[in-house]
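J.: Residue-level listing of the chains:
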Amino acid sequence: MADLEVSNLSVHYKKLTATHSVSLSANSGDIIGFIGADGAGKSSLMHAIAGVIHFEGTVSYKGYTYHSPQECEKIKPEISLMPQGIGLVLYDTLSVEEHLEFFADIRDIKQDEKFLAYKEKLLHMSGLSEFTKRLAGNLSGGMMQKLSLICALLHRPKLLILDEPTTGVDPLSRLELWDILDAIRKEEGTIALVSTAYMQEAAKMDKILLFDEGKIIAQGSNAELIDSIRPFTYQALKEYREDVITFDKRSYSLAPLQAQVAEPTLEGLFFINALKNNKTLPPVEIGDKEQQESVPPVIMQAKGLTKYFGDFIADDHIDIELKSAEILGLLGANGAGKTTFIKMLLGLYKIDEGSLSLLGKDIKSADDRLELKSKIGYVSQHFALYNDMTVRENLIYFANMHKIPLDKALQRIKKYAYELGFAPYMDKFPTELPLGVNQRFSIAAALLHEPLVLFLDEPTSGVDTIARAQFWQILHKLKEKWGISILITTHYMSEAEYCDRVVLLKRGKKIADDTVANLYKAHPDAKSFEDIFLSYFEAQI
Amino acid sequence: MRINIIKAYMLKEFKELVRTRLIVMVYLLPSMILILFGYGIRMDVSHARLIIIDNDQSKLSQTLSSKFEHTKYFDTVERHMSETQALREIKQAKKDAILIIPSSFEKNLLKGEKSELGIFIDAAFPTRGTTIETYIQGTILSMAKEVLAKKGVAQKGMITINSRSLFNQAMRDEDAIVPGLIGLVLLIAPAILAALLIVKEKEKGTIFNFYASPLSKNEFLAAKLLPAFLLHSLNIFILFLLSVYLFEVPFRGSFFLYWLASELYILVSLSLGMFISVITKRQIVAVVLTVIITLIPGFLYSGIIMPISSMDGASQIEAHLFPIMYYNHIIYDTFLIGEGFASQKNLLYLGILLLFTLVLFSVGKLLLKKEMK
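Here the protein sequences come in this chain order: A and B.
According to this note's numbering, the residues represented by the first sequence are 5 to 545, in order.
According to this note's numbering, the residues represented by the second sequence are 3 to 375, in order.
No lab work stands behind these hints: they were computed from the structure.
Fair warning: there could be bad hints in the mix.
In the BS3-like style, the derived pairs of lysine-lysine whose C-alpha atoms are separated by at most 27 angstroms in a straight line are [to be verified]:
hint, chain 1, residue 1, chain 2, residue 2
1, B, K367, A, K18
2, B, K219, A, K162
3, B, K202, A, K18
4, A, K162, B, K372
5, B, K219, B, K206
6, B, K9, A, K78
7, B, K9, A, K114
8, B, K371, A, K162
9, A, K118, A, K66
10, B, K206, B, K371
11, A, K19, B, K371
12, A, K114, B, K17
13, B, K371, A, K18
14, A, K114, A, K190
15, A, K18, B, K204
16, B, K375, A, K18
17, B, K17, A, K137
18, B, K219, A, K66
Computed footprint of chain B on chain A, listed as stretches where at least three residues anywhere in the stretch have a Cβ under 8 angstroms from a Cβ of chain B [to be verified]:
hint, stretch
19, 48-58
20, 83-89
21, 100-112
Backbone N, C-alpha and C fix where the C-beta goes; we use that ideal spot for every residue, glycine too.
The following block holds chain B by itself, in its conformation from the complex (with noise of 0.2 angstroms):
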């Protein structure tokens, strides 16, 4: 390895990044990806439309209808219209649900007798609905309860329910997706970039310039990655930055292992992209090959859709070939939990990235010949 040549080589290939402003790509795609998802994945429901018909008008029924204006999760509109006129709405994607108030419900109450409300969801997306008929009931429940303990009726033996939620108190999306992209960003992004680094070179015929010339492997390899990897580690802060000033996660763990395991990660990216260029020859097919390889497991295994832990048999398995999994356990520590170096886990997923650079590189290298095919 003689520095350099190293030197040189780099020395070009930055300056071919900012004139051909593949730069540009580096630092907004990732940015681009974390917003884009950030802001774009929901699981949970607030702001859901609700039509509230009352035919009872009573005190009691006002008091229900007040529970659901008062509250986050819906944009309550009281109508006086039929169930028909309403379905009409939910049919033309205007609102979500539908809650009846029968005419004599506080008098059927009062008396002790059966009321029977009416609830129609748009259950189109499943998840959405199941989520938004849990809290319709859950308010009505929680109306029922309060009614029943202001009429003096005994709740002596009823079980309450304390709860807490552990790492994302506020069980908020952000804090449960943002550091998951993180994962999937810094896999894509950096093994395009390698890919094309090389592949570039093939395509356009320059690649001459190393098979033709004294030029050794190890140099050209690290002329081509060193570039990618310093570029990229930039983002390894940007993309902090992003997560906890912009979706404002926690941060509650050790900020070097969080930098760490994203610089080892990095380096899989990279061996991953370089192993790619070396058995492709166009960039279009090496870009949509990285994207393949890279975006469907990232997005499957990175614990954002579903926790690896609740997978099982043959997913479970495909998890754990995938690089994103080990990282982005120690990432969802950093953020969320802040074990940190204490970690056994921690530490045995470190050295499994560490594996993986290890042997995607030596493959990648293994396989690149000073030679045309």
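Okay, chain A solo, but in the shape it has when bound (with noise of 0.2 angstroms):
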């Protein structure tokens, strides 16, 4: 019998069934990774597998089972649980020191010497031995989930639950929260469940689970899953067809097709259970635009734009560019600068320095963006929707704000439901959808008037890769029919191989801005741009 063994676990939430019948098991030292969309079940099953939840099943760790959180409370000593969230765990006023000090607490960890230096230990490897003295509501992303990480090795469990912890995390912090982890099961043989949406990170784990409506669906070691999904694998197609999904690169059959085979990613194994679950991308068809206006060259210019919070500088003295018809991606980790950046170019924070024009315009007062207004797009990190209205009347809304001719308005909803594939859903609400749903009206609601430029902020975290991947198609296909403008930014550093240029942000400063393929050029080695952005971070230390 495997050391952890997890049979018929089902998590229930009122009427809806989050995990379904799942079963695992792992062995000491082994690191299994979770993935699989938002609300697949990973988390369910990880504060199952914690005690933190009521669940149906049984739980075997180590020859003791429970059925419940009560009777894993004997247990408890042994696991560690680090929920979602950055610094979820964290006392915003409490220093890294005391929070060491309190988790040692209440674990009621001896404070010999022993502790003294495996706590020592921790804290050189996660490089927060200089901050001791720090607040945790002053650390960076990275160092809280870093802090977390550590605050839940200390007592050395045996069976370590980490959900997300590298979401929106940068790329070195990344590096580093693995190196820890993958230390500590070597040395202490524990258990580590692990789930990411970072695929680069799946592909490193012993064992990978792909979740999908509360099942796993797909299980085995990186290298197993790859090869179960070459056969369907091939090289991107030049037309559609309606059993195949085609993707960045890659189009994915269950029925052999007449094309070169490619070499599959972890990516892959969505595409291809969307497959099996008869689910298919259908095609993004955009229309054209109604009225076609002329557009300036240079769309958006920053110059040494900069934005403090007191004394923390969110945006220091950036410069960026974005022409016409031009996909620019500004990636970087959270806290990075990239909303505050959106948000000054929309006027909903105040300019401290620098200059900006839109569209040919020097923006100096509130009175210059006024009839901006109507050329520009914008879909905010949360989607500013109205939760007690239906997708159409929320529409309408929109459409009302802009003053379109309410017939004109029906008739766009109408088009855009289609093209954009929500159609079915129109007459739901919003808390009813599946976030990329969700984030595919949000894109309609701000194209209703037909602007030039569509600022986006984080349209992609939490959605899908499915989702995603008809997000980015929709974006392409805007560009290319009406020649729009668009900035978006994100924390997935894939993304960026989607965009025209990227500017990469770290820390408030900018320390890339290039195009995909000259960055390409720049760094021969790197397989993926996650690699080069490394690259970046690294010099910038």
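Each of the two chains sits in its own frame; use the hints to bring them together as a complex.
T.: Okay, here's the thing in structure tokens:
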């Protein structure tokens, strides 16, 4: 019998079943990766194993079997859970040192020499040794996650459960987190269950479990999983076929295709799974714009844009130019200054220093922006939708805001609903819909007035791979058909590939700005964009 | 219960309370409520603004005017103006009442004929209006009595009233209101703090440190409620000092009883706060709910506005459902009466407060789950 055996575990939330009769097993020293869309049941399974939520089924840990949080209480000294969310379990007003003391105390650890040496080692590994006096609230996202991790490791847990510890963390911190984890599990023989949104990370795990709709639909090592989808992966087809999903240089099909085979990636798992469930990517068709306008060659020019929050510099003299018909990716970890930058562009934050021109017009006051409002579309990080209005009502409301005549508005809404594939959901409330659908209809809301430029603030965060693929298709079609310019922020480094040009921000400073092709040329060794950015991050220390 | 763990958790709570400045609220809120309400609620009337229009200008009419001038109840001015002009002053809220003395007031009176005084009162606030009316009538009657006595008119067989007010001889508002406010303050403030301390962790997500660790429910609750209990215990003394020295409320009873009842009452409040924190997820909801649950019944049934004994039916029953009635009974006793432990009722009410604590705490603890909902 394996050290950790989970059998037929189900988690229910009121009417909803989050995890559906899942089984898995793991041995000491294993790192098990959980991948899958938001709401696929990864977190629920982790909570159940950690004994913080009611569940059905059984979990056996080293011969001790439990069926409920109460029964799990007995082995909680052995378990550590790091829930999802940056710095979620940290207290803003306590320092790094105080956190370590607090977590040691509530775990009743004897503070002997052995412990102190271990603590020093953890601090050293995480690179937090110099910051022991700093309050958690003043740490960067990456540091918060490293602190959370070493707090979780303090009592030498034998079962470590980490729920998306690296989401939104900069690439360098992600590598460091991984190194700590890898070292600890080798030394301590810890079982680690780790969920992640980054496929590069999943590839390093001993075993990967793919979740979909509360079930584990595929499992195995990275190589095994990739092998399993190799027969279905081809070079991208030019034309659209109903039974084929094509995305970013590759096509996926269950039936054999007359095309060159391609080397699959883990992401392909999601597409193959979608095909197996008879879900395909409907083609995105964007109609022509109703009115054509002449557009200046430079849509947005920011020079030395700076924003202070007290002593903290959120954006430090940033120069960015957005050209006509260009998709510009603004990349960086949480807290790098992406959202602040977009908010300055939109006038939601006052510009402290620097100059800005939009569509050839210098922006000096709020009045300068007013006439430009009809030319700019914006989708915020959390989709500013009204949850007590249906999709249709929301869209009509946004059309009214832009003073679009009702008949014209209804016509456009109908068109977008069909083109962007949310027509079946028109009379549903946003809260009832998957994030991916909300994302698409937020885009529709921003397109109703046919803007010349779109500002998108982390529209893909938390959205599953398939929905993200669809989303990028929409953006590319928009660029193609409308000649629209798009500024998009994201913390997924892999999404850089889909942009024309990328700007990389780190702690409020611009550290790279070039076209995708040029960046690859400059870094011939890089296998992926992740590697390119890593080199910038490392160079900047 | 492992004392070391509780101590470590409490230390964290104190650090957070100080660093988030919540500690300021812990001490500012109770004193602020006491001071604001203590000065703000006024039932009796003093310095009512009165115009006297003396159309007689006789000796008698001047005697009457001077009666109104030498009292703290009225700020009197004598004016020569028409009735309409004077009424205008009331309409503009510049005056509260008018007294019109007719010409030949003295003459008629000496002749033994009827003489009518005109009184106009702003009765927009009925209670205040009635009170002013009574004062004016009383002043006039007392003057009439004096005048008659001087004239040698016999007073035989007349009833004289010899009244003595008990417990609040000076009939000061402060004495009646301030002790009642202590019951209100100590119901609201500890409950808010207790609710916040727990819900804060839920809202932030740090509650996982409790869920996922071997920390027991008792240890967690002790670590959360003890700091609130200790901090608010100091408020018992602060509120006492404010009442006795700032508002000059007499203290006639047992301080030990006051202290004991207050500590017990804080426990009731903390248990209530804990109960609320178990059923809410957001700090703002917890605070609003706590305020609604404590402030409204607390104010209605504190005995400040109306004594419980003069309530009837439903309100009488409702009053008995809330802890403030029992506590305030003891508080009024310690401040104004002084029966102390000799009173059976005080002892019974102490028992009832203990019962409130036990019931609320048990229900709260039962509902508190070491797992997500």
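J.: Hints first: check each against the structure and report whether it holds.
T.: Each hint tested on the structure:
| no. | hint | in the structure |
| --- | --- | --- |
| 1 | B:K367 <-> A:K18 | holds, 23 angstroms |
| 2 | B:K219 <-> A:K162 | holds, 24 angstroms |
| 3 | B:K202 <-> A:K18 | holds, 24 angstroms |
| 4 | A:K162 <-> B:K372 | holds, 21 angstroms |
| 5 | B:K219 <-> B:K206 | holds, 19 angstroms |
| 6 | B:K9 <-> A:K78 | holds, 22 angstroms |
| 7 | B:K9 <-> A:K114 | holds, 15 angstroms |
| 8 | B:K371 <-> A:K162 | holds, 25 angstroms |
| 9 | A:K118 <-> A:K66 | holds, 26 angstroms |
| 10 | B:K206 <-> B:K371 | holds, 17 angstroms |
| 11 | A:K19 <-> B:K371 | holds, 20 angstroms |
| 12 | A:K114 <-> B:K17 | holds, 22 angstroms |
| 13 | B:K371 <-> A:K18 | holds, 16 angstroms |
| 14 | A:K114 <-> A:K190 | holds, 24 angstroms |
| 15 | A:K18 <-> B:K204 | holds, 20 angstroms |
| 16 | B:K375 <-> A:K18 | holds, 9 angstroms |
| 17 | B:K17 <-> A:K137 | holds, 14 angstroms |
| 18 | B:K219 <-> A:K66 | holds, 26 angstroms |
| 19 | 48-58 | holds (count 6) |
| 20 | 83-89 | holds (count 5) |
| 21 | 100-112 | holds (count 8) |
Checked against the numbered hints given earlier, the structure satisfies every one of them.
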